[in-house]
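> Here's the letter readout for the chains.
Protein chains: 2
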Amino acid sequence: MLALTILGNNSAIPAFDRFPTAQVLQTQEDAYLIDCGEGTQMQMAKYKIKRSKISHIFISHLHGDHYFGLPGLLNSMSLLGRTQDLHLHAPAALEQIIQLQMDAASTVLSYKLYFHALGDEQEIMNNSRMSVTSFRTQHRIDCWGFLFREKKNPRKIDAERIKGFDIPASFYERLQKGEDYTTKKGTIIPNEEVTIAAPAAKSYGYCADTIYDETLVEKIRAVDLLYHETTYLKGNEQKAAARFHSTTLQAASIAEKAAVKKLLIGHFSAKYELLDEFLTEACSVFANTELALEGICYKI
Amino acid sequence: MLALTILGNNSAIPAFDRFPTAQVLQTQEDAYLIDCGEGTQMQMAKYKIKRSKISHIFISHLHGDHYFGLPGLLNSMSLLGRTQDLHLHAPAALEQIIQLQMDAASTVLSYKLYFHALGDEQEIMNNSRMSVTSFRTQHRIDCWGFLFREKKNPRKIDAERIKGFDIPASFYERLQKGEDYTTKKGTIIPNEEVTIAAPAAKSYGYCADTIYDETLVEKIRAVDLLYHETTYLKGNEQKAAARFHSTTLQAASIAEKAAVKKLLIGHFSAKYELLDEFLTEACSVFANTELALEGICYKI
Numbered sequence: 017m018l019a020l021t022i023l024g025n026n027s028a029i030p031a032f033d034r035f036p037t038a039q040v041l042q043t044q045e046d047a048y049l050i051d052c053g054e055g056t057q058m059q060m061a062k063y064k065i066k067r068s069k070i071s072h073i074f075i076s077h078l079h080g081d082h083y084f085g086l087p088g089l090l091n092s093m094s095l096l097g098r099t100q101d102l103h104l105h106a107p108a109a110l111e112q113i114i115q116l117q118m119d120a121a122s123t124v125l126s127y128k129l130y131f132h133a134l135g136d137e138q139e140i141m142n143n144s145r146m147s148v149t150s151f152r153t154q155h156r157i158d159c160w161g162f163l164f165r166e167k168k169n170p171r172k173i174d175a176e177r178i179k180g181f182d183i184p185a186s187f188y189e190r191l192q193k194g195e196d197y198t199t200k201k202g203t204i205i206p207n208e209e210v211t212i213a214a215p216a217a218k219s220y221g222y223c224a225d226t227i228y229d230e231t232l233v234e235k236i237r238a239v240d241l242l243y244h245e246t247t248y249l250k251g252n253e254q255k256a257a258a259r260f261h262s263t264t265l266q267a268a269s270i271a272e273k274a275a276v277k278k279l280l281i282g283h284f285s286a287k288y289e290l291l292d293e294f295l296t297e298a299c300s301v302f303a304n305t306e307l308a309l310e311g312i313c314y315k316i
Numbered sequence: 017m018l019a020l021t022i023l024g025n026n027s028a029i030p031a032f033d034r035f036p037t038a039q040v041l042q043t044q045e046d047a048y049l050i051d052c053g054e055g056t057q058m059q060m061a062k063y064k065i066k067r068s069k070i071s072h073i074f075i076s077h078l079h080g081d082h083y084f085g086l087p088g089l090l091n092s093m094s095l096l097g098r099t100q101d102l103h104l105h106a107p108a109a110l111e112q113i114i115q116l117q118m119d120a121a122s123t124v125l126s127y128k129l130y131f132h133a134l135g136d137e138q139e140i141m142n143n144s145r146m147s148v149t150s151f152r153t154q155h156r157i158d159c160w161g162f163l164f165r166e167k168k169n170p171r172k173i174d175a176e177r178i179k180g181f182d183i184p185a186s187f188y189e190r191l192q193k194g195e196d197y198t199t200k201k202g203t204i205i206p207n208e209e210v211t212i213a214a215p216a217a218k219s220y221g222y223c224a225d226t227i228y229d230e231t232l233v234e235k236i237r238a239v240d241l242l243y244h245e246t247t248y249l250k251g252n253e254q255k256a257a258a259r260f261h262s263t264t265l266q267a268a269s270i271a272e273k274a275a276v277k278k279l280l281i282g283h284f285s286a287k288y289e290l291l292d293e294f295l296t297e298a299c300s301v302f303a304n305t306e307l308a309l310e311g312i313c314y315k316i
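From first to last, the protein sequence lines are chains Y and U. Each residue of the first sequence is one higher than the one before, counting from 17 in my numbering. Each residue of the second sequence is one higher than the one before, counting from 17 in my numbering.
Be careful, since some hints might not be right.
To be verified - Stretch by stretch, here's where chain U covers chain Y in the computed footprint (C-beta under 8 Å, at least three residues): (1) 52-61; (2) 75-83; (3) 87-96; (4) 104-113; (5) 173-185.
Don't read these hints as lab results, they were simulated from the structure. In this text, all values refer to a predicted model and were calculated from it rather than measured experimentally. We put the beta carbon where it would ideally sit given N, CA and C, even for glycine.
Turn these sequences into a full structure, and let the hints steer you where they fit.
Encoded structure:
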């Protein structure tokens with residue numbers, strides 16, 4: 017299971033107590049930070065997200081509302097004595113910006129920060145539980161989206177039922193992978209008799225900032241949760257296109273074409289105080305839509 | 017009259033809802049931003065400080081808790097269509113950091129940003145109402161304090177009482193400067209008869225981050241309000257010295273030696289949740305002390 021917590025859902029200018037973009041995707045073991053607008057570390061404290069759990073940070077592009085909170089977060093992690101490695105996946109130009117800031121402050125981080133420059137579509141992270149792929153979105157400057165795919169989880173040993181069979185513990189790992197067990201006498205014990213299926217592997221597609229772009233459809237097809245920006249309400253297609261952003265109907269249309277399970281919309285323009293219309297409009301095209309609201313944890 | 021609003025009073029790591037350092041000094045006409053920690057633009061919105069009124073920004077040093085909110089503020093001012101000039105007084109290295117960030121985002125500001133690198137003790141701003149002088153403080157990296165001195169305000173014409181005299185309006189400006197008027201017949205009309213004294217010119221000394229340093233005393237002698245950091249409570253002199261910070265008793269001792277009218281203390285370490293003891297300890301040396309509390313406007 018994945019859980020996505022929204023720390024900021026606003027576009028460029030913070031307004032109506034809405035913070036700029038930041039999200040945390042959590043599994044039972046890991047936490048991944050996606051974009052890091054100004055104030056992210058304060059939002060993490062407010063919503064009880066542990067800074068220490070973050071192992072990888074993904075920055076979609078170098079508009080300030082997606083990364084101006086990063087230097088402060090990196091600093092605070094160091095001041096708090098972090099020792100575990102941190103991996104930063106971001107546009108190449110960020111490396112020098114951070115280095116200059118560190119140099120100006122005579123800062124030596126307490127942990128190792130590995131910088132990974134984003135390129136074209138490629139797998140950028142892969143551990144035993146998750147793989148992350150980056151893909152291009154169309155925005156005013158270079159911008160990347162991220163596709164998170166949980167790996168298929170191993171089946172669980174059914175501790176009660178396995179007692180009835182004489183299966184050596186050394187075989188348990190193969191049981192978890194789905195194998196049947198054959199006894200010395202040749203009797204087959206079907207895997208399902210002694211294991212429990214793991215929850216299905218889930219997927220999350222984050223489309224960052226983007227103009228309406230149908231080539232995204234194949235990149236995030238059929239994900240369990242899709243985040244697509246909706247800076248503007250419908251009727252603002254021209255303004256959205258001019259600024260390389262999207263409207264409610266455009267986001268919902270991508271979700272529908274990609275047959276995703278659920279759509280989450282955010283990156284609301286500071287000109288809107290109320291958000292109800294965003295939901296109404298998007299739902300008219302794709303019913304299973306929710307607003308990305310700060311502090312809310314969306315279970316995937 | 018000067019009015020100082022505290023937007024952030026915490027040291028490096030934001031904690032207990034306390035934001036890092038930022039202050040706004042306002043006269044009737046102008047607003048000056050002093051340091052700009054992460055979240056300053058959100059705090060300005062919260063405490064109804066108009067971004068558009070800020071004409072000059074002063075950054076004491078390049079530890080992140082004193083400037084990581086600046087790029088976001090500069091961006092937002094531009095997105096809101098600011099056209100008036102903005103002057104930034106800061107350590108030289110900040111210019112390149114900001115330029116890199118602007119370049120990475122393909123940002124062209126809507127207004128002119130003038131960068132003024134801080135040097136040694138010198139007057140760095142001077143208009144008809146205020147002069148600002150920078151001075152060095154002793155910190156881990158180059159750091160500056162700022163002394164704000166209001167200019168002597170012109171006297172006000174007493175509209176009611178001046179009616180009783182035949183003084184030409186062309187002489188009013190000289191009356192405001194304090195001159196008496198001599199009639200054609202040689203009668204002297206004393207200035208005090210037809211003008212009202214302006215409020216006294218006030219002064220504010222901002223000592224930024226600093227180790228205990230008695231050379232500061234002459235730099236801010238007898239100011240109406242002194243801000244001196246107190247990262248730690250008494251008994252932490254060694255830790256304070258090692259980190260180039262000050263304790264309550266040290267801040268109060270500087271205030272006493274400099275015979276300032278009032279002391280404001282802030283930059284509290286994230287290890288303290290409650291602040292009462294800071295006040296008690298400082299007051300034991302210098303009675304007229306107040307805590308720098310967020311959102312509070314201190315009249316000078």
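> Are the hints correct? Go through all of them and say.
How the hints compare with the structure:
1. 52-61: holds (count 5)
2. 75-83: Held - the region 75-83 of chain Y has 4 residues with a Cβ nearer than 8 Å to chain U, which meets the minimum of three.
3. 87-96: holds (count 6)
4. 104-113: holds (count 5)
5. 173-185: violated (count 0)
Hint 5 from the earlier list is the only one contradicted by this structure; the remaining hints agree with it.
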